[in-house]
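Below, each chain spelled out in residue letters.
There are 2 protein chains.
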Amino acid sequence: MNSNAASALPLPALGMSQEEFMQACKQRINARLWAAITFDDSSSKLQDGMIHACADGGKRIRPLLAYASALAVGGTIARADAAATAVELIHCYSLVHDDLPAMDDDDLRRGKPTVHKAFDEATAILVGDALQALAFELLTASGNGVGSDQRLEMVSCLATAAGARGMVGGQALDFEAVGLDQTLEQLERMHSLKTGALIRAAVRLGGLSHDQSSPSQLAHLDRYAAKLGLAFQVRDDILDEISDTATLGKPQGSDSDANKPTYLSLLGLEAARAKAEELAAEATAELEEFGDRAEPLRQLAQFIVARLH
Amino acid sequence: MNSNAASALPLPALGMSQEEFMQACKQRINARLWAAITFDDSSSKLQDGMIHACADGGKRIRPLLAYASALAVGGTIARADAAATAVELIHCYSLVHDDLPAMDDDDLRRGKPTVHKAFDEATAILVGDALQALAFELLTASGNGVGSDQRLEMVSCLATAAGARGMVGGQALDFEAVGLDQTLEQLERMHSLKTGALIRAAVRLGGLSHDQSSPSQLAHLDRYAAKLGLAFQVRDDILDEISDTATLGKPQGSDSDANKPTYLSLLGLEAARAKAEELAAEATAELEEFGDRAEPLRQLAQFIVARLH
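Keeping their order, the protein sequence lines are chains U and R.
Its first residue numbered 86, the first sequence is counted upward by one per residue in this note's numbering.
Its first residue numbered 86, the second sequence is counted upward by one per residue in this note's numbering.
Simulated from the structure, these hints should not be mistaken for laboratory data.
Check each hint, because a few of them may be wrong.
Below, computed lysine to aspartate or glutamate pairings styled on EDC-like, alpha-carbon distance capped at 16 angstroms [to be verified]:
no., chain 1, residue 1, chain 2, residue 2
1, U, Lys111, U, Asp133
2, U, Lys130, U, Glu206
3, U, Lys130, R, Glu261
4, U, Lys144, U, Glu261
5, R, Lys130, U, Glu261
6, U, Lys360, U, Asp321
Part of the chain U face toward chain R, derived, beta carbon under 10 angstroms [claimed, not checked]:
no., residue
7, Ile162
8, Arg164
9, Leu211
What you are looking at is a predicted structure, and each value in this text was computed from that prediction instead of being measured.
The beta-carbon is built from N, C-alpha and C at its ideal position, and this holds for glycine as well.
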């Protein structure tokens with residue numbers, strides 16, 4: 086993450102291979118996150134904690150989706166920067182709070198100590214709080230080339246997706262479900278909030294970053310994102326069961342250990358695999374009218390159900 | 086807090102006595118908070134926790150300032166509702182997180198069990214997170230009679246005030262200062278972030294809710310708010326020393342017990358009292374050009390340095 090080098094990085098573009106596109110997006114979002122977080126010249130524990138929370142290790146799926154969605158509607162990478170950065174800030178904050186002892190109590194995240202382990206609990210709470218505020222601050226910045234009505238709609242969408250009727254509501258449901266029997270329907274409702282809402286916001290914000298995107302395009306993108314979010318979670322449950330700790334960056338089996346219901350425990354491995362593939366195909370079917378411009382979104386759907394961590 | 090009764094409440098207005106105005110604002114903001122928080126028909130622990138966090142006990146200083154500021158620039162109470170509610174949501178979330186065992190570890194808040202005591206720590210973390218997101222969601226709502234450019238500026242102002250360069254940054258500084266010797270300058274810098282930033286945001290958002298407020302008016306209001314925020318904190322330190330637990334709603338002497346520097350420990354009681362009065366007078370001096378419309382803001386400055394809790 087070094088913002089000075091950002092201008093020399095290759096711009097994510099149509100026609101790149103999946104690997105090139107993902108790499109270019111990842112380098113770009115790392116540079117944008119770095120620029121957003123290093124607001125303070127003097128070092129502080131809070132800023133160091135924010136840097137630790139957003140450091141390189143992540144897959145950056147949400148920013149990738151925001152960038153790919155912007156390209157699908159004919160927008161530009163540059164105008165999608167604020168959207169991509171804001172959704173990743175919300176994601177990073179949620180991980181920091183999720184890992185706290187009172188929540189999932191995880192010591193490792195992406196193979197490194199979690200924020201409350203590397204620093205302390207108070208810092209981890211404040212780091213999460215500050216990252217959430219920063220996400221909304223970023224979206225309002227006037228220099229990002231996006232019109233004020235679109236910026237306002239982005240804030241509205243992200244705030245709803247992040248809050249009690251979105252991600253936080255899903256986390257609360259997840260927490261209350263520990264040790265309880267759940268139906269597939271209840272599990273899907275929880276995940277559609279906990280991880281689905283932010284994935285949908287990422288795709289929608291990318292679409293909104295282009296001022297010419299139509300309501301019909303946004304509706305197709307939203308259905309793509311809803312299917313993809315579910316596919317992502319099914320794959321997560323599979324990986325939690327089949328991967329080892331080194332590949333996963335967190336203790337293997339940590340969700341099933343906590344007596345949390347998963348797609349695996351409800352469906353079994355083979356049916357879960359088939360479900361993930363089916364959801365990815367349904368997601369991709371929503372992209373027809375976008376033609377070649379949706380190639381990155383198609384590749385991402387493939388990646389999400391095939392990924393190893 | 087009952088939203089059905091909201092329409093029957095007297096509207097806060099110029100010409101009311103200080104007590105009438107404060108009472109009318111308090112009833113109004115309680116009704117608005119209730120409406121914002123009870124988004125879910127089915128009861129949930131998360132929603133119950135959010136209600137607990139925002140329940141009646143508070144002084145509602147920040148919403149009072151937002152309403153009074155709107156009247157000072159010639160705006161209306163109705164258009165300042167979103168501003169008043171959003172700043173109070175941020176304040177309530179910050180108290181919930183502040184009270185956590187890893188932070189100030191307080192069992193009582195406004196004379197009632199804190200959220201993590203009444204529920205559990207995980208719920209308290211999620212309640213705070215959800216209240217923060219809700220504040221930004223509210224500001225973006227199109228039905229509140231405020232133009233989209235003003236709403237966007239409100240989000241920007243509140244996000245900056247709430248984040249690492251505002252309230253959360255101040256909390257981090259406060260936390261790092263425990264047990265350290267501090268100069269008056271360092272103490273003021275910490276408080277100008279920890280409590281001052283949100284008080285300034287409350288006043289500014291109230292001013293922004295009226296589309297005719299001028300940059301000069303907003304500048305005067307900002308200087309008023311900066312002085313007032315400091316006066317508020319000096320009075321807080323005095324109260325922490327001289328009040329008993331029943332009046333204060335939290336254990337008396339809890340800040341000095343934690344070995345945190347206060348204005349009392351640096352200045353002594355008499356000089357601290359004089360400083361609070363002086364700051365309130367300086368704040369009030371900024372209100373001249375507003376004439377009678379700033380009477381509620383003047384009364385609030387008086388109230389803040391004379392309050393008993």
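Each hint, compared with the structure:
Taking the CA atoms of U:Lys111 and U:Asp133, the gap is near 21 angstroms; set against the 16 angstroms cutoff, the hint is violated. Distance check on the hinted pair: U:Lys130 and U:Glu206 sit about 12 angstroms apart at the alpha-carbon level, within 16 angstroms; holds. Between U:Lys130 and R:Glu261 the CA atoms are separated by roughly 9 angstroms; this keeps the pair inside 16 angstroms, and the hint holds. The hinted pair formed by U:Lys144 and U:Glu261 fails the criterion: a straight-line CA distance of about 28 angstroms is larger than 16 angstroms.
At most 16 angstroms may separate the alpha-carbon atoms for a hinted pair to count; R:Lys130 and U:Glu261 meet this at roughly 9 angstroms. With a C-alpha separation of about 12 angstroms, the suggested pair U:Lys360 and U:Asp321 falls inside the 16 angstroms cut-off, and the hint holds. Given hint, U:Ile162 at the interface with chain R, is violated; its Cβ is 23 angstroms from that chain's nearest Cβ, farther than 10 angstroms. With its C-beta approaching chain R no nearer than about 16 angstroms, U:Arg164 sits outside the 10 angstroms limit, and its interface hint is violated.
For U:Leu211, the suggested interface contact is upheld, since its CB lies about 5 angstroms from the closest CB of chain R, less than 10 angstroms.
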